[in-house]
Amino acid sequence: MKQSQPQTSTNWELGPILRAMLRNKVGAILIALQIAITMTIIVNSVYIIVERNKDMQRDSGIDNENSFYLTSVGFGENFNVPNTVEEDLTMLRALPGVIDAIQTNAVPNSNSGWSMGLKTQSGVEHDAVGTAVYMVDDHGVNALDVEIIAGENFAPSDISLRTVGQVDWPNKTIITKAMAENLFPDINYADVVGKTVYINDIDPMVVVGIIDKLQAPWVNWSNVENVMLSPERQSFKGSRYFIRTEPGMRDTLMNQVEELLANSNNQRLIKGMRSIEETRERSYRGHTAMIKILTTVMVILTIVTALGIVGLASFSVNQRKKQIGTRRALGATQGTIIRYFMFENFLISSIGVLLGAVLTVILNVILVNAFGLDRLDWFYIPIGMLVLWLVGQAAVFGPAKKAANIPPALATRTV
Amino acid sequence: MFNYYIKLAFKSFKRNPILSLLMVTAIALGIGASMTTITVNYLMSANPIPHKSEQLFHIQVDSWDPNNPFNDDDDALPNQLTWTDATNLTHAKKALRQSAMSMSGAIIEPQGSESKPFEASIRLAYTDFFAMFDVPFLYGGPWDNNSDSNREQVVVLSKRTNESVFGGENSIGKDIVIAGRHFQVVGVIDTWEVMPKFYDVNNGPFNETEELFMPFSLKEDLELPNWGNNSCWKSPDGEGYAAFLRSECINTQMWVELPNAQAEADYLDFLNNYVRSQKELGRFPRPLHNRLNDVMEWMERQEVVEEDAKMMMWLSFMFLLVCLLNTIGLLLAKFTGKSSEIGLRLAVGASKADVFKQHIVETACIGLVGGVAGLGLTLVGLQGIKSLYGDFVDDLATLDASMIVVALVIALVSSIAAGLYPTWRACNISPASQLKNQ
Chain A
4 MKQSQPQTST NWELGPILRA MLRNKVGAIL IALQIAITMT IIVNSVYIIV ERNKDMQRDS
64 GIDNENSFYL TSVGFGENFN VPNTVEEDLT MLRALPGVID AIQTNAVPNS NSGWSMGLKT
124 QSGVEHDAVG TAVYMVDDHG VNALDVEIIA GENFAPSDIS LRTVGQVDWP NKTIITKAMA
184 ENLFPDINYA DVVGKTVYIN DIDPMVVVGI IDKLQAPWVN WSNVENVMLS PERQSFKGSR
244 YFIRTEPGMR DTLMNQVEEL LANSNNQRLI KGMRSIEETR ERSYRGHTAM IKILTTVMVI
304 LTIVTALGIV GLASFSVNQR KKQIGTRRAL GATQGTIIRY FMFENFLISS IGVLLGAVLT
364 VILNVILVNA FGLDRLDWFY IPIGMLVLWL VGQAAVFGPA KKAANIPPAL ATRTV
Chain B
1055 MFNYYIKLAF KSFKRNPILS LLMVTAIALG IGASMTTITV NYLMSANPIP HKSEQLFHIQ
1115 VDSWDPNNPF NDDDDALPNQ LTWTDATNLT HAKKALRQSA MSMSGAIIEP QGSESKPFEA
1175 SIRLAYTDFF AMFDVPFLYG GPWDNNSDSN REQVVVLSKR TNESVFGGEN SIGKDIVIAG
1235 RHFQVVGVID TWEVMPKFYD VNNGPFNETE ELFMPFSLKE DLELPNWGNN SCWKSPDGEG
1295 YAAFLRSECI NTQMWVELPN AQAEADYLDF LNNYVRSQKE LGRFPRPLHN RLNDVMEWME
1355 RQEVVEEDAK MMMWLSFMFL LVCLLNTIGL LLAKFTGKSS EIGLRLAVGA SKADVFKQHI
1415 VETACIGLVG GVAGLGLTLV GLQGIKSLYG DFVDDLATLD ASMIVVALVI ALVSSIAAGL
1475 YPTWRACNIS PASQLKNQ
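Those sequence lines, one after another, are chains A and B. Per the numbering used here: the first sequence = residues 4 to 418. Per the numbering used here: the second sequence = residues 1055 to 1492.
Do not rely on the hints blindly, as some may be mistaken.
The calculated lysine-lysine pairs, modelled on DSBU-like cross-linking and capped at a C-alpha distance of 35 Å, are [claimed, not checked]:
#, chain 1, residue 1, chain 2, residue 2
1, A, Lys240, B, Lys1288
2, B, Lys1065, A, Lys122
3, B, Lys1406, A, Lys295
4, B, Lys1440, A, Lys198
5, A, Lys180, A, Lys405
6, A, Lys325, B, Lys1288
7, B, Lys1061, A, Lys28
Don't read these hints as lab results, they were simulated from the structure.
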């Protein structure tokens, strides 16, 4: 600590500074408190921003840049869903630039979808693991841009047709690696291939394949990587198509596909066409907004605190003009004067950041309890302390420089 | 005297423009940040139907899985009802008014060549919905009880739907094709946006009102799709739409109007008896647990106010606190700088009370200017919120008169509070010590 070196060649003037501070306790306390609360807000905000950013950076599993989807809703009396879906998919898959297209009941990251529970043992009394369900045909793996890391894909003959209100399920499924590990924590995911899991408490499905990664529709769900694929097309009034294109072709194809589908059948309407990029942007809008708001708050708060320090320091320089002039006349260098104010600020800031460290932890505990945030990583606190020290030093430098420029002759004048 | 103090305050502003400007800016920023978040929280937690929010109740019954509660919360009850229970309870007519309701959608095919078919959202409800929630009508009115029981194809349109299908004219009695069927228009409602949309918070508490209203009983006949949230603990017994409707899946909301505490107690008894009779049929495997929630209780239970909004509000209060600490420090500096002036005033006969009043007026002036500037910043902040969150917050980010008053009061109270200590210090100056230096 610097306080313990008064005997070295540099005189830090700890004694005079402390005595001067004690004469204006309130001013020093106010600055220290401001620094403490500013640090509390900034460190917690930075932590929230980093956490939200991490969420947004997670891999969705699909090709975010080159995928889009839309819904075709039939309304005419003679509208035949399975035939239309077959025609549409044949047409879409043949389009130049389309890598693959599927019909699906839900879209990753879109915030709306189906969930089911899978069990490793049959019976109502056993616990289920929740999972999102995507109903896809044998093109699902390719269209969703996922990789089969164990087992195999669905065969065309596995695909059944789901009707409205249907209760039973196909006898095969593909699940994500995360789902496999949640269902069977004790064995290697690759060995889950061939296992039977139970849906609706008792209906068996055999796991035929494991895919690397695919996110559920709900981005804020804690088990966002619990996903199963079910080999089905759907005979619902509204059919959702998910289309993956070659890089750079998405926007052109979006226009083209909408027009083609709308014109191919006048007994339906096409709605809800959206790219995955836009969908993710919407699903994470709360996160993006929070990040921007917190950043703005942090910047403004730092400026307010810095200006407060500047204001009070300038004032104290003005108050002590005569004393400073006297010191200069008695041989104090400009450097000595600057150091005096810098060190004074350093002492006040030190009290502020120590208090700030305590308050930061308290606020974090409150946020953890009230809003379910994660516990703060320890290293945020020393970094926050260092930043606020620097802010204080930078803010006080201007007024200190001004003080150093006070001419010694001032001492001879009456103010 | 007061005017004189105000004049002195502005003189003092001019003498120390930078310090004064810093203080005004600090207060303005603090007020701007807190008012922005307070406004959003205030509108999110607003009472959507203040004149009868204590007479309207959302019903909850525990129809869930015998092995697992609806969620981890001890007190948890399913947040919706099964179609069967909502229908039975509505038909029992034990409340002053009652309606099962759910959300659906269908395609409207306007007659005439110029307008294309479009998809519309539907609120399925009983006729009591309109009287219970005081829905304003532009033309016509609700369908009657017979339409509910006879499953007549009648429809009430929103103002906007009436504009897009009938050009905004009085369309009562006209024919409209919805979901491939012919419906008769019986009413057109006026603009009706309840905020939050309390009657169905499961499907977005800040969503817009539906575009069509039709009898709930038609859901079964027309096999209308379920647009809202649907949760099941057990799969339907059998295939098809009818089996789905009669399953233990919950997808229906149920509201009743009970005018007084007696009616409320009676209704809860009725509800408990209903569940007991269902238990005899082998349903409701969990312990008897039913609840009536009035509008504000329901908003609270369903956590309508976003957590992010609450968190922002607390952070913005801390922000205001920093700004006030800043102001206290600056005021202290400013008043110390005026020591000799204060000493002079005291010496020529001003009492401490006079000096105190003078400086409180000065801080109040700073507070007021800061408050007004803060209101301007609040408008900027709310614009920012709108551009960050998109359309759905449009109605959540507007300043009303009461919020303006709140802003000015906060600005005034907090600046005066900030000024108390510096003012007290200022009027305790001993005149002699100050005059000596002159």
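Hint check:
no. : hint                 : in the structure
1   : A:Lys240 - B:Lys1288 : holds (24 Å)
2   : B:Lys1065 - A:Lys122 : violated (78 Å)
3   : B:Lys1406 - A:Lys295 : violated (48 Å)
4   : B:Lys1440 - A:Lys198 : violated (50 Å)
5   : A:Lys180 - A:Lys405  : violated (65 Å)
6   : A:Lys325 - B:Lys1288 : violated (85 Å)
7   : B:Lys1061 - A:Lys28  : holds (32 Å)
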